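Start from the sequences and build out the full structure, keeping to the hints where you can.
Residue numbers (our numbering), protein chains in the order written: chain D, 1 to 485; chain U, 1 to 484; chain G, 1 to 96.
Derived from the structure by calculation, the hints contain no laboratory data. Just so you know, not all the hints are guaranteed correct.
For lysine-lysine, the following PhoX-like pairs were computed, each having C-alpha atoms within a straight-line distance of at most 20 Å [said to hold, decoys possible]:
#: 1; chain 1: D; residue 1: LYS304; chain 2: D; residue 2: LYS244
#: 2; chain 1: D; residue 1: LYS173; chain 2: D; residue 2: LYS103
#: 3; chain 1: D; residue 1: LYS80; chain 2: D; residue 2: LYS216
#: 4; chain 1: U; residue 1: LYS334; chain 2: G; residue 2: LYS93
#: 5; chain 1: G; residue 1: LYS93; chain 2: D; residue 2: LYS80
#: 6; chain 1: D; residue 1: LYS425; chain 2: D; residue 2: LYS461
#: 7; chain 1: D; residue 1: LYS131; chain 2: G; residue 2: LYS93
#: 8; chain 1: D; residue 1: LYS116; chain 2: D; residue 2: LYS80
#: 9; chain 1: D; residue 1: LYS204; chain 2: D; residue 2: LYS172
Covered by chain D, according to a simulated footprint, are these stretches of chain U (three or more residues, beta-carbon under 8 Å) [claimed, not checked]:
#: 10; region: 148-158
#: 11; region: 189-200
#: 12; region: 225-238
#: 13; region: 273-287
#: 14; region: 324-332
#: 15; region: 364-377
#: 16; region: 453-466
Just so you know, these numbers come straight off a predicted model, no measurement behind them. Each residue gets a CB set at the ideal place from its N, CA and C atoms; glycine is no exception.
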Amino acid sequence: MMEWETVIGLEIHAQLATQSKIFSGAATAYGAEPNTQACAIDLGMPGVLPVLNREVVRMATMLGLAIDAQIARRSVFARKNYFYPDLPKGYQISQYELPIVQKGQLTIDLEDGSSKVIGVTRAHLEEDAGKSLHEDFHGLSGIDLNRAGTPLLEIVSEPDLRSAKEAVAYMKKLHQLVVYLGICDGNMQEGSFRCDANVSVRRKGDPQFGTRAEIKNLNSFRFVERAIDFEIERQIELIESGGKVVQETRLYDPDQGETRSMRSKEEANDYRYFPDPDLLPLALDEAFIEAARVALPELPEVKKQRFMTQYELSGYDASVLTASRDLADYYEATVAALGGEPKLCANWVMGDFSAFLNKENRDLADSPVSAVRLAGLLRRIQDRTISGKIAKEVFEALWASEGDADAIIEKRGLRQITDTSAIEKVIDDVIAANPEQLAQYRAGKDKLFGFFVGQVMKLSKGKANPQQVNDLLMEKLQGRNDLLA
Amino acid sequence: MHEKTIAQLSASLATGEFSSEELTRALLERVERFNPSLNAFITVTAESALAQARAADERRRQGAAGLLTGIPIAHKDIFCTDGVRTSCGSRILDRFIAPYNATVVERLNAAGAVMLGKTNMDEFAMGSSNETSFYGPVRNPWDLDAVPGGSSGGSAAAVAARLTPGATGTDTGGSIRQPAALCGITGIKPTYGRVSRWGMIAYASSLDQGGPMARTAEDCALLLGAMAGFDLRDSTSVDRPAPDYAALLDQPLTGLKIGLPKEYFGEGLDSAVARVVEDAIAEYRKLGAETVEISLPNSHLAIPAYYVVAPAECSSNLARFDGVRYGHRCENPKDLLDLYTRSRGEGFGAEVQRRILVGTFALSAGYYDAYYLKAQQIRRLISDDFRQAFAQVDVIMGPTSPTVAFNLGEKVDDPITMYLSDIYTIAVNLAGLPGLSLPVGFVGQRPVGLQVIGDYFTEDRLLNVAHRYQQVTDWHQRAPTAFA
Amino acid sequence: MMPLGTAEVAKIAHLARLAIREEEVPDYARNLSAILELVEQMNAVDTTGVTPMAHPLDMVQRLRADEISESNQREHFQAIAPRVDAGLYLVPKVIE
Numbered sequence: 001m002m003e004w005e006t007v008i009g010l011e012i013h014a015q016l017a018t019q020s021k022i023f024s025g026a027a028t029a030y031g032a033e034p035n036t037q038a039c040a041i042d043l044g045m046p047g048v049l050p051v052l053n054r055e056v057v058r059m060a061t062m063l064g065l066a067i068d069a070q071i072a073r074r075s076v077f078a079r080k081n082y083f084y085p086d087l088p089k090g091y092q093i094s095q096y097e098l099p100i101v102q103k104g105q106l107t108i109d110l111e112d113g114s115s116k117v118i119g120v121t122r123a124h125l126e127e128d129a130g131k132s133l134h135e136d137f138h139g140l141s142g143i144d145l146n147r148a149g150t151p152l153l154e155i156v157s158e159p160d161l162r163s164a165k166e167a168v169a170y171m172k173k174l175h176q177l178v179v180y181l182g183i184c185d186g187n188m189q190e191g192s193f194r195c196d197a198n199v200s201v202r203r204k205g206d207p208q209f210g211t212r213a214e215i216k217n218l219n220s221f222r223f224v225e226r227a228i229d230f231e232i233e234r235q236i237e238l239i240e241s242g243g244k245v246v247q248e249t250r251l252y253d254p255d256q257g258e259t260r261s262m263r264s265k266e267e268a269n270d271y272r273y274f275p276d277p278d279l280l281p282l283a284l285d286e287a288f289i290e291a292a293r294v295a296l297p298e299l300p301e302v303k304k305q306r307f308m309t310q311y312e313l314s315g316y317d318a319s320v321l322t323a324s325r326d327l328a329d330y331y332e333a334t335v336a337a338l339g340g341e342p343k344l345c346a347n348w349v350m351g352d353f354s355a356f357l358n359k360e361n362r363d364l365a366d367s368p369v370s371a372v373r374l375a376g377l378l379r380r381i382q383d384r385t386i387s388g389k390i391a392k393e394v395f396e397a398l399w400a401s402e403g404d405a406d407a408i409i410e411k412r413g414l415r416q417i418t419d420t421s422a423i424e425k426v427i428d429d430v431i432a433a434n435p436e437q438l439a440q441y442r443a444g445k446d447k448l449f450g451f452f453v454g455q456v457m458k459l460s461k462g463k464a465n466p467q468q469v470n471d472l473l474m475e476k477l478q479g480r481n482d483l484l485a
Numbered sequence: 001m002h003e004k005t006i007a008q009l010s011a012s013l014a015t016g017e018f019s020s021e022e023l024t025r026a027l028l029e030r031v032e033r034f035n036p037s038l039n040a041f042i043t044v045t046a047e048s049a050l051a052q053a054r055a056a057d058e059r060r061r062q063g064a065a066g067l068l069t070g071i072p073i074a075h076k077d078i079f080c081t082d083g084v085r086t087s088c089g090s091r092i093l094d095r096f097i098a099p100y101n102a103t104v105v106e107r108l109n110a111a112g113a114v115m116l117g118k119t120n121m122d123e124f125a126m127g128s129s130n131e132t133s134f135y136g137p138v139r140n141p142w143d144l145d146a147v148p149g150g151s152s153g154g155s156a157a158a159v160a161a162r163l164t165p166g167a168t169g170t171d172t173g174g175s176i177r178q179p180a181a182l183c184g185i186t187g188i189k190p191t192y193g194r195v196s197r198w199g200m201i202a203y204a205s206s207l208d209q210g211g212p213m214a215r216t217a218e219d220c221a222l223l224l225g226a227m228a229g230f231d232l233r234d235s236t237s238v239d240r241p242a243p244d245y246a247a248l249l250d251q252p253l254t255g256l257k258i259g260l261p262k263e264y265f266g267e268g269l270d271s272a273v274a275r276v277v278e279d280a281i282a283e284y285r286k287l288g289a290e291t292v293e294i295s296l297p298n299s300h301l302a303i304p305a306y307y308v309v310a311p312a313e314c315s316s317n318l319a320r321f322d323g324v325r326y327g328h329r330c331e332n333p334k335d336l337l338d339l340y341t342r343s344r345g346e347g348f349g350a351e352v353q354r355r356i357l358v359g360t361f362a363l364s365a366g367y368y369d370a371y372y373l374k375a376q377q378i379r380r381l382i383s384d385d386f387r388q389a390f391a392q393v394d395v396i397m398g399p400t401s402p403t404v405a406f407n408l409g410e411k412v413d414d415p416i417t418m419y420l421s422d423i424y425t426i427a428v429n430l431a432g433l434p435g436l437s438l439p440v441g442f443v444g445q446r447p448v449g450l451q452v453i454g455d456y457f458t459e460d461r462l463l464n465v466a467h468r469y470q471q472v473t474d475w476h477q478r479a480p481t482a483f484a
Numbered sequence: 001m002m003p004l005g006t007a008e009v010a011k012i013a014h015l016a017r018l019a020i021r022e023e024e025v026p027d028y029a030r031n032l033s034a035i036l037e038l039v040e041q042m043n044a045v046d047t048t049g050v051t052p053m054a055h056p057l058d059m060v061q062r063l064r065a066d067e068i069s070e071s072n073q074r075e076h077f078q079a080i081a082p083r084v085d086a087g088l089y090l091v092p093k094v095i096e
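Okay, here's the thing in structure tokens:
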């Protein structure tokens, strides 16, 4: 059995989260009526000219700084010439020979707990194309150019990835980063973050790369993994049965779980790149780059390390809480509002809070429970006003926007009973009402202790402090035993 | 009224000698009468012209008139005019009603100018004789058998025939200067970036520049003053205020250093044209200028470099004409490829197709370095030649065109010979410099133009140099007899 | 450089999406070859080390603020479109 090695490089297109397009003042909002956000420039009307959006340059610079890349002090826009109905000018404005970002790197975490550095060859700015719709227009296709001219940052990795899992880890890491930087909304359903994968296989030890196939438009992490795994299998089988991999573009079909050759793109493309004469060289000075550097948020890896030291969290907790900037900010706001108890906060933010968000499929921004309100609840656990169990009930009420924790506790009378004599009274009532169980317990059936705890909690409507209930019950049940003995 | 220059008309309108409406009506009548023989206009906008004229008269009554308020002009049909057909001389845009105004049009509108119509031109500005227009050739008012030059041939002929006192043009390789020379008028191609290209349909983006065409340098100064200036919508527009060209016309020429490139007076130059040009230069010496022979050693490479750069850019610029969003679309396309190839094949004429093919080839895989990159390097050498020359001289002079206007049909089947008629003008575009052509005499009944080339942003100097000459000569006042 | 043959002209015409009638191809081949011969005069000059000049002026790109300045003008723009339906530009079926 021959040993095979997989070589993968990813080209990721991140749509930059600007208000207006890369070369025009038309809006970039998703989901508008067809062609209502395509201005004269986006439509490629005769005589129109592009003017570059400053924000896209700033965003590309931030990405470059975040991956320790070189920011080109001078970069050039080029035209990539080809005919397609969703490409109004007959060329795409992109960067070719001199991209704005070069030679960066990204560290990914592997499943075995180790990490690996993946090289980023380049990241360049370009405009997106429109969309072809194939619904029934009397056998014709409809062209919507709203997306034409939307700014994209194409981030190209080195062929450093060796498995579908590594590819996914890289893609997730980059996704986290662009969202952290606030330069991309990361919405994969809407195509804001999509991926082409270059996949080839070679025999272990072979210094040459095999012939690669490019799999287009992978818009979910799952598809990336499945498509690459399928493609690896396909290529190995092909070679082992005496065939040859051809360099081509393939499309992943998620329904069939396979990649297929895209016949229409088979024709050898000759893009005739040349510098766009309508755009001048893009020059960045130190001040611009420095301003972008200052604007960089704390990056995920740094934040995670800080959480581990500052809040004494485990590596796992720290990475869950720093998975998104929003969640990390929420967590820190909760700790700040509570004035400590970072572990308690972590448990709640990762636990009930995240579970409720997930259950309702809500963004953190739409959460009905603010960090201050959550801290208000945790404060009452901390000072033993309520038990952890009651807290869950209060949290549900918080989620339903019934007021702050104190108001809910007050209104529902959930304040914990910590008065010893009150608890003793309940215990006495329970013991008196269950003579049979008492006898059995006293006969040595220890596990009935739980029954008595349950009865006490039930009678106190869950408000009796559980620790006190335990202690007092033990004392009372024990005490009588001694007496009888 | 038609015999007056813009400056004279402006004065007459100011004194109330006649109204803009009267003037516009008179010129529209001339257009109606003479255009059938000249074919200088593709579209005449009589109704909106009269409305603009009345608005200009009203503006004048309110005391808000400027120098160009109420002055009729014509726009080369390469400038987008909102709501008016903008054909670029091509079948592919025959029914294209522009949805917006070019900056040049907007600025002239704002100055109160009245648009009479859109002038004929070589298709997509590709040509030197106006014979590539879908709307048929324009005839030279001085001799109806002769071409007017191109590509702004309609503008040049209309001005020369006194159908309009001024017009806009564009110049990618000589398209303002050469027709100005061949029609005996004055025209200036400003420094690249001086006039906004927004709304000016692109031929070769790094070479294209709009400019005015009129009978005198003074009129060109008035028009350029309105056209020039920074435009946020054009990334290649220069953020630098335009001087008051009209105010700077009268500077004396004493001590002006004129460079005469030996390459512009050698082989290929018609000897009769050479004599007329030399007489003009002698006149400049009388005006106090001194002349010095200079060399622009890479001049012979201008046409080769141009015929790579311009076609390369045009092959890409014209890709948007695909029959999808506007413009000509073939009947019953059977598939996408058919839609593209037939719409474009039917929509573009032979010369445009030739240049698209040359450019496509020059940019294609395996040829880019040998053609496109090489041409860009040659372009640098040509630009350096000028830089060195302007270290020694103030302006450069020579013939605008190697011959006077040639006959219709004479060169139409031989692209190379046609290309050579721009031999003295093309280098200026490659370098991005300003260049002006002014009438300095005749060979037979056909006019001769003198080209004046200046350093970057010295349009004021070029207009001044031409104006002083026009103060002491009357070539610019001559009118073709049939149109006097 | 050899003169362009008819096959090459057809290939370039396809790349440029121009339908050229077969009987015109030899004419194009001849003219294009002549133009290429003209431009090849450039080869006589050694340009080693010469920086290519893409723009006449030594300027850099100006940047605009990220602001929405354009409003919906679909009806205006589509009034001149050859074929539209439901706000979409229609073309023969695009095969992916």
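A quick look at each hint next to the structure:
1. D:LYS304 <-> D:LYS244: violated, 46 Å
2. D:LYS173 <-> D:LYS103: Holds, because 17 Å separates the two Cα atoms, which is no more than 20 Å.
3. D:LYS80 <-> D:LYS216: Holds, because 18 Å separates the two Cα atoms, which is no more than 20 Å.
4. U:LYS334 <-> G:LYS93: Answer holds: LYS334 of chain U to LYS93 of chain G is near 9 Å, not above 20 Å.
5. G:LYS93 <-> D:LYS80: Roughly 23 Å separates the two Cα atoms, so the pair is violated.
6. D:LYS425 <-> D:LYS461: holds, 14 Å
7. D:LYS131 <-> G:LYS93: holds, 13 Å
8. D:LYS116 <-> D:LYS80: violated, 34 Å
9. D:LYS204 <-> D:LYS172: violated, 27 Å
10. 148-158: Since three or more residues must qualify, the claim that chain D covers the region 148-158 of chain U is violated, with 0 doing so at under 8 Å.
11. 189-200: holds (count 4)
12. 225-238: Contact hint for the region 225-238 of chain U vs chain D: holds, 5 residues under 8 Å.
13. 273-287: Violated - the region 273-287 of chain U has 0 residues with a Cβ nearer than 8 Å to chain D, which falls short of three.
14. 324-332: holds (count 3)
15. 364-377: That given contact holds, which follows from 4 residues of the region 364-377 of chain U lying within Cβ reach (below 8 Å) of chain D.
16. 453-466: It is violated: at least three residues are needed, and the region 453-466 of chain U offers just 0 whose Cβ sits closer than 8 Å to chain D.
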